[in-house]
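Residue numbers (our numbering), protein chains in the order written: chain F, 3 to 207; chain V, 5 to 520.
Please note: incorrect hints may appear among the correct ones.
Under the rule of at most 30 angstroms between Cα atoms (straight-line distance), these lysine-lysine pairs were calculated in the DSBU-like manner [what the hints assert, rightly or not]:
id	chain 1	residue 1	chain 2	residue 2
1	F	K159	V	K225
2	V	K257	V	K298
3	V	K257	V	K111
4	V	K261	V	K225
5	V	K225	V	K303
6	V	K468	F	K90
7	F	K159	V	K394
8	V	K298	F	K90
9	V	K111	V	K298
10	V	K261	V	K303
11	V	K225	V	K257
12	V	K468	V	K303
Reference listing, derived: stretches of chain V covered by chain F, where coverage requires no fewer than 3 residues with Cβ under 8 angstroms from a Cβ of chain F [to be verified]:
id	stretch
13	179-192
14	418-427
Far from chain V, some chain F residues (derived; all Cβ distances over 12 angstroms) [as the list claims (entries may be wrong)]:
id	residue
15	I35
16	N84
17	W122
18	R140
19	P190
20	F196
21	F199
22	L201
23	A202
24	E204
25	L206
Simulated from the structure, these hints should not be mistaken for laboratory data. Remember, it's a predicted structure, so these values are computed and weren't measured experimentally. Yeah, the Cβ is synthetic: ideal placement off N, Cα and C, and Gly gets one too.
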Amino acid sequence: MSEEAPIETEDPQDLTEELEADEVPSLQLDGAITLVILLGSLGLLAHSLRVDTVMLGNSADPGPRFWPHLILGVIAVSAVLNLGIIYKRYGQESVLLVPTKSVITEGFNRRFRDLSTEEWEFYGIIVATAVYLIFLSRVGYLLTTPLYLFAFGWILKYRRPLVLGVTSLIVSTGIFVAFRIYMNIALPYGDGIFRSFHLAVEALF
Amino acid sequence: MVVEQLVGGFANILTNPLNLFVFAVALTLGLFSGAIPGMNGTMTVVLMIPITFSMDPVTAIMMLSVIYAAAVYAGSISAIMFKVPGAPEAIMTTLDGYPMNQRGELKRAIRTAVFSSAFGGVVGTIILIFFSPVLSDLATQLSDPEYFAVIVLGLALISTIGSGNVVKSTMTLSIGLFLGTVGLDPLQSMQRFTFGFELLQSGVSLIPVILGLFAVTEVLKQVYTGGHMLGESDEDTGGFQLRDLVPPFRYIKRFPKLLSVNSVLGTMIGILPGAGATTGALFGYTFGQRIVPKSVREKFGTGVQEGIVAPESANNAAASGAFVPLLTLGIPGSATTAVILAAFILHGIRPGPELLTTQGTLVYTIFAALLLANVTMLLANQPFVSIFTKIRHLPRPILLMLIMAFTIIGSYATRNIMFDLWLMLLFGLVGFLFERYNYSIAPLIIGLVLGPLAEPALRRGLIKAQGEYIVFLQRPISAVLIIAAVLVFFIPLIQDSGIVGKIVDRLFRDGGEVKP
């Protein structure tokens, strides 16, 4: 009986341990974000040193590299400081600034094996938006947008296809008419046959 | 004399049916263009210019000015309701307005925004009416070192906005500043960080970054957490009531310092060429945070009314302030006033020091229109907002879908290039990660807005001083501003920790914490 008890009880010590176990991968991600920022700033700094600049006019001008170098320097210094903060706060043993292969693999498996409904929706929305953007310029606004909006609602578990379809169509067309016809802002027409389709629709208005 | 001419300006609008009609149309257009993401005051003013060809210059310029003033106000509506700034000027309003909405205080948040906007707009216009010549003289005295020093002061204020974790805020501010360097350098037009990509030559566009960081991030956050954008317990969002027409004058008593100081500050920012209402809002929010009691300051960003009063009073005042250099020097104070300047020229009028005497009717009709627009917004706000609050009855997936549709179009419409849409998505994901790991987003936007203003001022200042950096401390105004910037950066850290030794402790606060 006493052996089963710890599973059910909410001992503050257990909760603390659970919290810390949850925090570790997050802190590693925080460290990873800072590390990416640090490496990015150093990479950009190196890149800008390779680019030739021509000094025009007054030699007192510090040149086009000066301001970006100053900023990239601040980014690098603050990123190092932040890594130090993470390291100092949580200690060398509980947090590795650079996640090891096993930590990454475990984290990856945990993330994608036990996805909640909301997480599925989250990734679904990102993929749907990326796919939409890929096809938007090729197929055009009027054909892709209603499909994207329908998919968006469907991914978010809205299961009234007629309402969703009609809303998607009305919103897409409304935006097209408002922006293209009244505000003279051209939305993507697509290529080839899709372009002809958009021009034909535009002629209707 | 001034009052007489102002009365003449009011009479010109109120007694002329055409002017009155144009005023009403301009106000409505401005409100809608500000409230709908993807449209903004500048775009609407541009679109309306051809329509003004057939108009009398007074009617035409009045119309464009009213659109501008109304759009600056209306950007706050979608910022508060959906965390989607309808216009860049409303960026800072999202920080406290949206949390208030989520707590079920939508109506109070909007009422605060409207009142502060109107107050700032009226104060800015009054300053414009009575002090234009003096202020334009002052503006001509300022040179690049002073201009750079003002921006440094603005950047230093982030120690307040990001006082939870100064290191991370400095990092995101610098990322924003860096993004502002992408493209052609402002003095020699050399390509920087474009990697041979032609679209990057014109730089990173502000609108897709804002919409990505605020709107897409919020949509993703709502999806990820299964949350709702609109607060459920807002009891006072019922139908329109007659008492809603009465402006909440009690706010003058409640926020006297914030309203007055930020309105004057916003006007001063607006006077600086190129600064505009967005910069006014950034300064207003960060400066406002410094002048409120510590107990309120610590709650900034969590949904306090002061967090709405500060940027809203400043951005509308800045919109009025931007007219000072336009009317008295012929130099636009913002993007929208640059377009209005084009309209002046199209109608054969060249703004300058003589405009007040040669075109008195025109100038005072503009002044009267700006005052009238702010007062009308205060009264007509509630019926207008009621239209938007109907959106709360939509199912959550449909609402998120609509926000995403307008965000996408808004990002695309500014430059009509697909690249901006990818930028929007990228910054949406970046914003999501940043928010999750306590990297403040607001400093990034501040950096992106102020960076392109800072660099040319710094380099031109150095060129004029033959490369001597000491020039920034030799000129009195510049020196005072730089010293103020240093103090403003360090004082919050010292203030909150008590002794210098605790500054380090302050820097280490919140490192790596994950938001629930």
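Hints, verified against the model:
no., hint, in the structure
1, F:K159 - V:K225, "holds (16 angstroms)"
2, V:K257 - V:K298, "holds (19 angstroms)"
3, V:K257 - V:K111, "holds (20 angstroms)"
4, V:K261 - V:K225, "violated (35 angstroms)"
5, V:K225 - V:K303, "holds (22 angstroms)"
6, V:K468 - F:K90, "violated (46 angstroms)"
7, F:K159 - V:K394, "holds (22 angstroms)"
8, V:K298 - F:K90, "holds (29 angstroms)"
9, V:K111 - V:K298, "holds (26 angstroms)"
10, V:K261 - V:K303, "holds (18 angstroms)"
11, V:K225 - V:K257, "violated (37 angstroms)"
12, V:K468 - V:K303, "violated (44 angstroms)"
13, 179-192, "holds (count 7)"
14, 418-427, "holds (count 4)"
15, I35, "violated (6 angstroms)"
16, N84, "violated (5 angstroms)"
17, W122, "violated (10 angstroms)"
18, R140, "violated (10 angstroms)"
19, P190, "violated (7 angstroms)"
20, F196, "holds (15 angstroms)"
21, F199, "holds (19 angstroms)"
22, L201, "holds (17 angstroms)"
23, A202, "holds (21 angstroms)"
24, E204, "holds (15 angstroms)"
25, L206, "holds (20 angstroms)"
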